[in-house]
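Protein chains in written order, with our numbering: chain A, 1 to 92; chain B, 93 to 1070; chain C, 1071 to 1256.
Calculated from the structure, these hints are not laboratory results.
Among the clues, some could well be false.
Stated by the list, open to error - Mimicking DSBU-like on lysine-lysine, the simulated pairs with C-alpha atoms at most 35 Å apart in a straight line are:
| hint | chain 1 | residue 1 | chain 2 | residue 2 |
| --- | --- | --- | --- | --- |
| 1 | C | K1137 | B | K319 |
| 2 | A | K47 | B | K954 |
| 3 | B | K745 | C | K1163 |
| 4 | B | K745 | A | K36 |
| 5 | C | K1169 | C | K1077 |
Unchecked claim - Over 10 Å on every C-beta distance to chain C, these chain A residues come out as not near it, computed from the model:
| hint | residue |
| --- | --- |
| 6 | I40 |
| 7 | N48 |
| 8 | R64 |
| 9 | S65 |
| 10 | T75 |
C-beta: ideal position from N, C-alpha, C; glycine also.
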Amino acid sequence: MLIDHPLLGLRDSSEFIYRGDAKLLYRPNWKSKNSKTKFIDYGYLRKNPAGVHKELWYHEQGDRSWLVVTRNTVTHEILKVELARDTKGKLK
Amino acid sequence: MRNSSHPITNKQKLSFTFNGKKYFGYKGDTLASALIANNVKIVGRSFKYHRPRGIFSAGSEEPNALVELGDGPYKEPNTRATNIELFDGLESSSQNFLGSVNFDFMAINDLLKNFIGAGFYYKTFMWPRRFWEKLYEPIIRRAAGLGKLSLQADPSQYDKGYLHCDFLIIGSGISGLMSALLLAETGGEVLIVEEDFILGGRLNAETSVINGNQSSVWIGQAVKKLKSLKNVRILKRTTVFAAFDHGIFAAIEKKTDHIVEKSSKPRQINWKIYTKLCILASGAIERSIVFPQNDRPGIMLAGSVRTYANRFGAYYGQKIAIYTNNDDGWRTADDLKNMGLEINAVIDTRKEIEALSSSIPSYLGQTITKTYGRKGIKAIKLSSGSKLNVDCLAVSGGWSSNIHLTCHKRGKPVWDDNFKNFLSGGNGQKDKIIPVGAARGVFEIQNIISDTNRVILSLIKKICLSMPNRITLSCSKEQYRCALDLVSSSDPSNSFIDLQNDVTQKDIELSFKEGFKSVEHLKRYSTLGMATDQGKTSNILGLASMAKLKGTNISEVGTTIFRPPYVPVAISAFAGRSRGKDFRPTRLTPSHNAASKRNAVFVETGNWLRAQWFPEKGEKFWRQSVDREVIQTRNSVGICDVTTLGKIDIQGKDCSEFLNFVYTNAFAKLPINRVRYGLMLREDGVAYDDGTTARLGENHFIMTTTTANAPLVLRNLEFVRQCLLPNLDVHLISTTDSWAQYSVAGPNSRRLLQKFVDKPTDITNENFPFMACRELTICGGIMARLFRISFSGELAYEIAVPTQYGNALFDALLSEGQEFNAVPYGTEALGVMRIEKGHPAGNEINGQTTAQNLGLSRMISKKADSIGNILSERESFNGPNIATLSGFKPVQHSQKLEAGSHLISEGKKPTMENDEGWLSSVAFSPTLGHYIGLGFIERGGDRIGERVFAVNLLQNKITEVEIVSPHFIDPEGIKQRG
Amino acid sequence: MAKLVLKIEKPLNGYSKVVNKLKIDEYQFDSLISLAIPLKRERKCKLNFKKSLGEPMPNIENSIINKSGILGFRIGIDFLFVCNPSHSSFTKKTVPLLKQAFYITDQTGGWCGVRVEGDRVIEMLERICPLNLSQKIFAIGDVKRTIMDHLNVIIFRETEKKFILFSPSSSSGSFIKSIEISSRNI
């Protein structure tokens, strides 16, 4: 598969490492109420949608950027690719 | 038999062997065409019933003619004779027989046919269960057969490669070449891939006239034009075998298979092709008709009989009958007749048509009810009762568009009732694969020309490139109509559907009766279409048969989809050059040459080769070397290459905040020129990695990681930097390869290093105490870094220089160290010393242990957030009963310890319930003179002096051990601080 | 005591071979440093880069060569390399100047350079390089980082048929072997 890197264009998936659900971007506040429950949810619980999914990919053999890839898990179509550092704070 | 006036006979004569017998053919032959020309009738035995089989087709759809090529380690089983380009000296043989191919002992299975139908294995061999593996399976495997592997390593080379284009054109028939000509004019990069060793596709097998000439003239012109264009590339002998996401295709190129001499070049290349669009000009594949005894040698696809005659001048027989349900069968009759062959009959299942040729005896609306001739067809019987003598029966059940690749991404084919054919129903990805020509279900040449123009030009228009002119070609007019008469009505157990897997019409009936009616069930229960040919010539027959049984039509029965690979591909081609030692790259440490010079024994740690120990003269066992290295280091000074530890350069204004977050312990207040030990957890609270981090400046740190985790830690730190804390000014660079780093350990280490350090730098204990570090110069100005850290527990340093000085420094440390009896030591001695000192390493931080287990819970700062901080508080990780890192020594000092042993209290049985911990690392301690171990045991800290049993059930060993402090030597740390 | 001298060893000891008409040479350099752009300091870095090297700071996947032959290329949003083949004042003058804006990391020993040149260089690279090497996509002066034969490689196009490849020094033996095999195999 090919990932359309927002800075570098189409690059082969062999340059990337897959990390999974992009919810990992939203780490709970350690001081919040029930922080332990929230961290367990953060660490262990994943949605596994048949359809559009936001996931993290790391361009390890390229520019070392972490990307948020919006991908349809059924058709494998990639709908959007963003730098993780840019998406941070934009959506929650 | 060979037509002696065919142009192929003017070409180079080639000799080859088949089943040990020598034959001749010509350059331009396939193995199949040469065998036919030499009147070889039987080429193999069928899979299950061992029935004699002959060549059936002329392409990669071949179900019967699977042969073994080559000899010894070069032997290659299961190749299709129809795809093998003949070369001088080719050795080939039949497979799947016992005895000889003409008299096969396993043919007894044929008589047992009634007992071994569909589902036979499922039903028969399930009981008794234990018989399956030992008895039934080996027998079945031997009987059911394909070729045999040589069981030797394949000495041929294979390679991989990457190709990029805008337009990938699969197939070089008329629609492929037209597409290439049109698309090349857009200026885009065009890649034409052709499975055959000549271009032209189906045209090579036909007598079509284009622009008033033989089609070969037009092919020649088109190819010449394409070859002259810079943006066109042509790969012959290359089969696209898989379609993947986002316009990626896999193709296998036979690079030197057809070359006589064993080449130094790779045999095959596995290409990964990236394209914006794929034009599928893969043509169509002819299918058979189901009738009794329809698998005899000499019964062939009609289009293939025509191919052998037109392209190779090779005839299987001289008295030929054609059995067809469509117009194309008549074309074979015409072509063969024009060559002077005797056409006994055209039997057309269709009643309502008129004979398409007046000079040939025709039997309309009839079927074949019986055939004769076990080792080669002799006669056929028609439904009218008349019997005709023939020596070749050409069968045409119509043509199926070759749409395999459109299915690879789950595109479901759709039925076209006009031509009785499945068409691409989209390919799961928008417009990436565009069929043209026969692959698109367009069969008559005049329509292929106009349709290809239309499809490609509208495509070009859509992607807004400059418009080329349409290609105008005049040609002979063709007509193709097809009926769906595919299935016989009598003798179902002898009417074959899938020739390669020996699936008969009776098997389909059985599947139906037993409820396996859906196509997916039918396929798996009867094995229809599951052989190496994926049912290219037979799937439609099975579907038609099921449709008839269900009283419906094929479009309602549906179809299974094809999967990669389109043709079988050798495993070696997937490995490419990544074999043996080249499976992965090898990383060498900077001192590799210096260590080799000193006879080091190397060990693989990940991709690294590290010196494991340095045997000296007279040392026979590894322990002798390792013990000596430990003692010499502890007595004086030893040098070990520790470059492989990950080194990460961390710079930025917010480094210390970043480090506070990734480590459990605080780094913000670490003074410049000091080192601190740090522990990392995973977010789930489990210990992840440890190492020392040195502060070289206000905004500059050097982190070290374990060897194994180096790339992973960097990946995770980048994750924190970019995904969790993107507003911090932090930059991470791996400098593992940039610095050669050596441990210099032992009481004389300081004196040795003082010889290297440039003045006025002072490394005495007062000015450079334990856990100090600094940047300095050595040997008159060479930049270096010195760290006062100790893994061995001795007075020790790690010195780092830029890698290009590494080998020289290692040599110099040893030669300058001679006066102290300095010794190089390897990873074994390193391991022994760290166990003696009680430092945890990979065996202890193995992804199952926590800071609490390691006795490091006080390192988790509760003042600030850090990775894993919260979940390290979970109940199961805490409490009085958790296992903690402890030392162990055998009560009988002579006894050996085994890593992995479980710890059980006295009087308890060695069961899971009584398991109190385990030994993680053991070593013989030359310092103490007996075995020692590190491990984890419940409440370890409170049980010093207690005796338990180390149980190793795998080796049936039980050793009584005493729980001791994990710090076997110098627990107060006096030496390392000295 | 005699003064200790440490001899420099290049990763490939000055390798130079012609394989199948392809010229393969170790590309040697005096120093190779990486520059990291501090957070939100791109502008300051651009000015500094121009002042230090006399050429504008390149965009991502582009490069510059200044009049002293120093090569600078950018492979990340905040990350560049500067390679000095042989200019004498680089370490004493240029690096301290760059340090005023960038975070500098010396990586001279970390990388091995190989220059490959020849009519069939693209065919050779096709065997290991997943990137599209068409000049429309990968122009002269472009630089990309990718994976070749399991190795991390930075590839820089000098001319149509001449490239410099950088790969980690510890695996330089596997790297040169991979290039040799690719050259032999075409």
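- Hints violated by the structure (numbers, ascending): 1, 8, 9
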